[in-house]
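Engineer: Chains A and B are the protein sequences, given in the same order.
Take the first sequence: its position 377, counted from the start at 1, is 377 in full-length UniProt numbering, and no numbers get skipped.
Take the second sequence: its position 68, counted from the start at 1, is 68 in full-length UniProt numbering, and no numbers get skipped.
Heads up, some of the hints might be wrong.
[Unchecked claim] The calculated DSBU-like cross-link candidates involving lysine-lysine, where the alpha carbons are at most 35 Å apart (straight line), are:
| no. | chain 1 | residue 1 | chain 2 | residue 2 |
| --- | --- | --- | --- | --- |
| 1 | A | Lys-65 | B | Lys-50 |
| 2 | B | Lys-65 | B | Lys-50 |
| 3 | B | Lys-50 | B | Lys-80 |
| 4 | B | Lys-65 | A | Lys-65 |
In case anyone wonders, no lab produced these hints; they're calculated from the structure.
It should be emphasised that the depicted structure is a prediction, and the values quoted were computed from it without experimental measurement.
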Amino acid sequence: MRTYSALALLREGLSGHRGWQRAWADATPKPHYDVVIIGGGGHGLATAHYLAAEHGISNVAVLEKGWIGGGNTGRNTTIVRSNYLWDESARLYDHALGLWEGLSDALNYNVMFSQRGVMNLAHNLGDVREGKRRVNALRLNGVDSEWLEPAAVKAFCPPLEVGAAARYPVMGATLQRRAGTARHDAVAWGYARAASARGVDIIQNCEVTGFRREGGRIAAIETTRGSMTAGKVGMVVAGHSSVLADMAGFRLPVESHTLQALVSEPVKPVLDTVVMSNAVHVYVSQSDKGELVIGAGIDDYLSYAQRGSFPVIEHQMGALLALFPSFSRLRMLRGWGGTVDICPDASPIIGRTPLDNLFINCGWGTGGFKATPGSGHVFAHTIARGEPHPLAAPFGLERFTSGRLIDEHGAAAVAH
Amino acid sequence: MLLIVCPHCGPRDQTEFSHGGEAGRVRPANPEVLGDAEWTDYLFMRTNPKGVHKERWCHSAGCRKWFVTGRDTRSHGWVK
Ligand SMILES: Cc1cc2nc3c(=O)[nH]c(=O)nc-3n(C[C@H](O)[C@H](O)[C@H](O)COP(=O)(O)OP(=O)(O)OC[C@H]3O[C@@H](n4cnc5c(N)ncnc54)[C@H](O)[C@@H]3O)c2cc1C
Ligand SMILES: [Zn+2]
């Protein structure tokens with residue numbers, strides 16, 4: 001793999017950009033792998049990368065039914081933060097945020113991580129109390145977090161309507177300054193490139209269609225490009241987790257819903273942070289291209305259609321204009337949907353399954369992009385050692401039997 | 001926007017309805033003899049099919065009737 005650098009850019013610039021290599025090799029399936037990762041989203045690719053980079057396991061394949069990053073990784077609104085309430089989540093998401101801070105260097109790939117801050121607005125007394133409680137809980141866990149009074153909110157984000165006449169009065173906000181956004185495609189491509197350079201096979205257009213089970217293990221994986229055997233299997237397919245679990249013969253506590261987003265026409269810089277409101281159901285940031293990136297909540301019925309419903313758009317745009325009256329003349333360019341895997345406690349599932357050599361990583365729902373590096377990191381450890389990474393241990397499937405749920409609905413409902 | 005057929009009022013916009021989740025989940029008859037695994041299955045596990053899903057809807061902003069219908073989760077098309 002040739003390293004990207006300013007010097008390489010200069011050299012290529014002078015020679016007409018004809019010397020760049022493909023970022024990763026397009027592999028064809030081999031009959032056996034030490035580890036097969038199903039799902040070529042950010043989490044699957046990151047898992048493969050850390051298996052090779054940190055555990056010396058490089059006879060690994062990532063099987064992707066479409067193109068890598070074509071699932072939720074390439075459809076999300078790219079918000080990265082670690083302001084979750086409970087100790088278990090604060091540790092897991094902050095581990096991820098720590099990895100984000102060095103990711104472009106570690107991968108030699110610019111993931112355009114921008115720590116522009118994430119602000120969660122409070123519009124009523126309940127929001128204020130919940131926000132302050134969260135700030136305190138985060139600080140006790142060593143995670144940066146601040147409470148802003150209304151004047152400070154206005155100073156931090158001038159286009160926001162905070163006056164007494166505002167439709168939704170702003171009574172304060174939580175702010176995480178280390179939070180921000182990253183470029184979603186670059187995350188998939190950067191991990192794919194780094195993993196491929198260490199010998200991982202990235203196999204696209206390869207859908208897993210079934211498993212052959214023997215004695216409580218996965219003996220073989222059937223795919224649209226033939227069958228293969230694997231020492232261990234990691235399942236990282238987000239919205240399709242129930243479908244794959246069904247093939248393997250067990251049930252999951254997840255439901256697949258559509259989460260949609262939309263972008264405006266590009267405009268000059270107007271918003272240099274991320275603003276979210278759980279109470280009025282909308283969040284917004286501005287991409288480096290200048291588009292406003294806008295999202296809200298899920299459709300409440302199950303769906304694998306990757307197509308969201310209109311009432312959600314209508315509601316979120318109404319909420320957006322109440323918060324930012326100056327956005328009223330912007331035209332919206334395009335919208336899209338992704339199929340997200342929602343857990344009853346809005347926390348992910350990472351760990352073992354009823355099958356001995358099958359491991360699972362799913363249930364990130366509406367908010368897993370932010371966790372991509374941390375998720376891959378702890379899941380690689382879990383697969384390599386055969387037992388959960390300490391940060392992943394509370395997130396096992398067993399919690400639905402023990403009752404030790406990690407209820408993060410407050411941190412994950414509309415804020416992704 | 002889904003157009004949902006209420007058995008009482010006929011086809012109406014989705015915004016008049018609330019979604020009630022997977023149909024046919026029956027509370028276990030003898031809870032006191034139930035083991036942890038059975039409780040887990042009843043409380044948390046879902047079929048979540050990619051295909052036909054039997055689900056409950058309530059015409060909450062209309063006649064308030066609860067009813068069960070089938071819907072293809074790939075196409076959002078209604079099925080009997
Ligand atoms: C509109 C929207 C906005 C969001 N906004 C945010 C946000 O701002 N911040 C945030 O943190 N999170 C956000 N999320 C959530 C985030 O996108 C996901 O949690 C995260 O990307 C999941 O990554 P993944 O790698 O697990 O899944 P995916 O990227 O979905 O990868 C799973 C892959 O598995 C593949 N697959 C499925 N079945 C098979 C099979 N049988 N064989 C082979 N491959 C298969 C799929 O094709 C897919 O590529 C958002 C999601 C959506 C849809
Ligand atoms: Zn009715």
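Engineer: Next, verify each hint and record whether it holds.
Structural biologist: Here's how the hints hold up against the structure:
1. A:Lys-65 x B:Lys-50: Measuring from Cα to Cα gives roughly 16 Å; hence the hint holds.
2. B:Lys-65 x B:Lys-50: holds (27 Å)
3. B:Lys-50 x B:Lys-80: Distance ~16 Å between Lys-50 of chain B and Lys-80 of chain B Cα, so the pair holds.
4. B:Lys-65 x A:Lys-65: Not OK: Lys-65 of chain B and Lys-65 of chain A at ~41 Å, beyond 35 Å, violated.
Hint 4 alone, counting from the list given before, is not met by this structure.
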